[in-house]
Amino acid sequence: MIHLIGIEKHFDTDVGVRQVLNETNLSIPTDKRVGVLGRNGAGKSTLLNMIAGVDQPSKGMIVRSGRLSWPLGYAGGFHGDLTARENISFVARLYGVDYKKTFELTEEFAEIGSYVDMPVRTYSAGMRSRLAFGLSLAIKFDCYLIDESIGAGDRFFRAKSRKVFLEQSKGAGMLLVSHSDNTIREYCEIALVLFEGILVPFADIEDAIDFYMRRCAP
Amino acid sequence: MSLSVVEPEQPSGRTEEFSRAYGAGDEVAAVKIAIEALESRSSFVPPFESLWWLCGELLARRRYGLGLDLTERVWKRGYRGWRAMYLRGVFLALNRDIEAAAETLASARELAPADKKREISLLEARLRALLGQDNAALKLFTENLKFDRESARYIDAALRVAQRSEKKALIARWLTKANSALGPSIARMALLAKLHYERGEWTEAHKAATAGIRLAPEDKRFGRIAARSAYRGARLVQAISQLEQQVARDAEWTEGKILLSRGLLAGGRESEARRVLRSIEPGTKYEEERREMLTRLGERTEDDVPVDAQATGKATGAETKHRRKKTNPLDDPEVKKIMSDIPADFAPCWTPATLAERGNLFVAIGRLFHSVRTLMLRETMARFGRHELGYLWAVIEPMIHVMVFSFVFSYIRMRDSLGMNVILFVTTGVVPLFFYLKTYNHLTNALKQNRPLLNHSSVQPMDIFFARSILEFFTQMFVLILFVSFIYVFVEKYAFGDALSVLANVFGLWMVGVGMGLAMGSLTTLAESLKNVMDGFNRIIYLTSGVFFTLDMMPASVAKYASYNPLLHFVDGVRGNFSPLMGGSRVDITYGYSWAVGIFVFGLVADRALRRRVLDR
Chain P
1 MIHLIGIEKH
11 FDTDVGVRQV
21 LNETNLSIPT
31 DKRVGVLGRN
41 GAGKSTLLNM
51 IAGVDQPSKG
61 MIVRSGRLSW
71 PLGYAGGFHG
81 DLTARENISF
91 VARLYGVDYK
101 KTFELTEEFA
111 EIGSYVDMPV
121 RTYSAGMRSR
131 LAFGLSLAIK
141 FDCYLIDESI
151 GAGDRFFRAK
161 SRKVFLEQSK
171 GAGMLLVSHS
181 DNTIREYCEI
191 ALVLFEGILV
201 PFADIEDAID
211 FYMRRCAP
Chain B
1 MSLSVVEPEQ
11 PSGRTEEFSR
21 AYGAGDEVAA
31 VKIAIEALES
41 RSSFVPPFES
51 LWWLCGELLA
61 RRRYGLGLDL
71 TERVWKRGYR
81 GWRAMYLRGV
91 FLALNRDIEA
101 AAETLASARE
111 LAPADKKREI
121 SLLEARLRAL
131 LGQDNAALKL
141 FTENLKFDRE
151 SARYIDAALR
161 VAQRSEKKAL
171 IARWLTKANS
181 ALGPSIARMA
191 LLAKLHYERG
201 EWTEAHKAAT
211 AGIRLAPEDK
221 RFGRIAARSA
231 YRGARLVQAI
241 SQLEQQVARD
251 AEWTEGKILL
261 SRGLLAGGRE
271 SEARRVLRSI
281 EPGTKYEEER
291 REMLTRLGER
301 TEDDVPVDAQ
311 ATGKATGAET
321 KHRRKKTNPL
331 DDPEVKKIMS
341 DIPADFAPCW
351 TPATLAERGN
361 LFVAIGRLFH
371 SVRTLMLRET
381 MARFGRHELG
391 YLWAVIEPMI
401 HVMVFSFVFS
411 YIRMRDSLGM
421 NVILFVTTGV
431 VPLFFYLKTY
441 NHLTNALKQN
451 RPLLNHSSVQ
461 PMDIFFARSI
471 LEFFTQMFVL
481 ILFVSFIYVF
491 VEKYAFGDAL
501 SVLANVFGLW
511 MVGVGMGLAM
521 GSLTTLAESL
531 KNVMDGFNRI
541 IYLTSGVFFT
551 LDMMPASVAK
561 YASYNPLLHF
571 VDGVRGNFSP
581 LMGGSRVDIT
591 YGYSWAVGIF
601 VFGLVADRAL
611 RRRVLDR
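Residue numbers (the working numbering), protein chains in the order written: chain P, 1 to 218; chain B, 1 to 617.
Don't take every hint at face value.
[To be verified] When the alpha-carbon atoms are kept at most 27 Å apart in a straight line, the in silico BS3-like pairs for lysine-lysine are as follows:
| id | chain 1 | residue 1 | chain 2 | residue 2 |
| --- | --- | --- | --- | --- |
| 1 | B | K337 | P | K59 |
| 2 | P | K32 | B | K336 |
| 3 | B | K194 | B | K139 |
By construction, these hints were calculated from the structure, which means they are not laboratory data.
Please take these sequences and the hints and turn them into a complete structure.
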């Protein structure tokens, strides 16, 4: 469960306060496939960042139980001066999983060959995101956090990562944040719509999409 | 055109006849031969490919009857390729047998390759629309409609069906797409404006109507909708001018006159309102409203004017812009309804136990320990990997400082006045100060640089600070031990004082470094320039913190001020353990520690207060 206990988020900018999320009291299940629909700039990513822990709510707190992944395929967490091998060993140690197995799975998936012993800063963007995606998939989580697009790289890689992800996440929950109703329809069971700073919950995907199409349209 | 025969070993005269007729453009003859061949089950079958070409010709020349004949024969022969069915469907439709055509196309659609599927589906959708099977048609359109120039006729058909079945959201979406793909058309604009107006989306309705006016300035519909929606959208000034224009052009539009007079009244322009009201003939269906307003004009009350119109109207001269007040989404009836009955999946379900578990001290310490240890390992590996020198740099950098300053001291200053070995003097100044400088440096940017690590749910901001500062302490400790041991072995056998005292002093320096690092890392989000100020300040610290001058060397008048610097006390305190002549009575570790603790606490408080700001950047 991810408990959003009285959280609220705004940014103090030079041009005034920007309210991203009004006070929210919800519990998001981590054993279901949950979608978050919202338009560009509605604050979807901020919400995901808050759940992941990168951003902090302005008020209230978020209590997480169960093993949450970091946002799937997020490559920013790598240390540029470390090699892929060292980065993987850091993550494996942090999550207390077997390093060797994790490394093998990641390497097999990411297809970076002999580059595993080069510092990550020398990687191309594609390699980096493949590595990140592979690593996210090599560790079992109770709930996967996903921002927008599933998979990175060329279409073959995307198809492959989609397949592997669906296999890996079988039985696990996920929290998918997207602006595309089709993506949400494809992957999720229940959904939240981020509408003018309010997280509107729906037990039915089609209701959510209907609401999104009607109310969030410009 | 190559017309190969199905069984090439039996070339017959018919084949030649067919190809000759086909080549000569005599499609009647060609069709006849083909039909005959299909019926007689003879070995001759014109290859299907050429039959399709023939059908194309027939279509182009509008010989629909012939085409149907031909495709019917193919059908009867039992051939069920998608193209055969498609063409049969087309000819059926052209021969006005719509229902059969739609069914045939439906089966063709199932078999067709993906690129043809869309075209067939769209055609079928149009036929179904003609048959009045709106739902089926709409479904096909939604799935297959593409908004580009080529599909223009389908778009119009789709819009008609959608209109008939009153799918307003869908129409609005399609219209917007169609307008952006094909450029606006009058009919589409009128529909869009009307639609938005009916749904109460005044701004959109006004926009669409204005676009319509540009296309067809004479069309009354657009003017009326534009004026009405401006009025409903409570943009008073704009509404009045638009209503005035439209009423001038469109004299029998009574509703507009009523609205105009209402607007004028709200804006306090009573004489004009009276004039407009007089121009309305009595006895229309707006009679009641007209009378009511006239009486009100007589009495000069303003109670009945719509609320937002009144508010905006009062506040302005004629030129001020009116904005619709932003509504609170929680007041929205639909949102309110959903939020008052949250689905079971999302209903808040935390208990005191959930929260208590989070506060469990042992769990928290366990997590902290694990996380800090892992982060320290990562940081260590990163320092090895950064460049060729790797971790050696941590030793080389202070070494360079020591060498340069020892050189300077040996030649420029009186060597003997120091009271101890030059290298030892410089080492015991530079390395302790590095406890402060390096820790400060590594902590100021720690959170900003490592922000992505917070994506891992087991890493908290404090862990990053812990990891970096502890690592720094041990690194500098290692450097200090290495240097003084080296000097003891190779340079001079000095009398060493108290290890605990050294530890206490460098710990104080480290604490100041942690406090300053935390404080500056947070405070720079308030004022970026603080960082530059701090850089300059640290240069001064370097000069005045006992690296070059101990407290005892200074004349009393200077020492009075210099002794305010807590770092000086720590550095001198360290040095006192390496020579009995150093660390005089003026050195006061208690004074140093009161500052160190103060700065440390200040750093923690600043971090706590501003951490969200740092992360928000």
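Each hint, compared with the structure:
Of the supplied pair hints, the one linking K337/B and K59/P holds, its CA atoms being roughly 25 Å apart against a limit of 27 Å. For the suggested pair K32/P and K336/B, the alpha carbons sit about 25 Å apart, so the restraint of at most 27 Å is met. Taken as a hint, the K194/B and K139/B pair is honoured in the structure, with Cα atoms around 24 Å apart against an allowance of 27 Å.
Violated hints are absent here; each numbered hint is respected by the structure.
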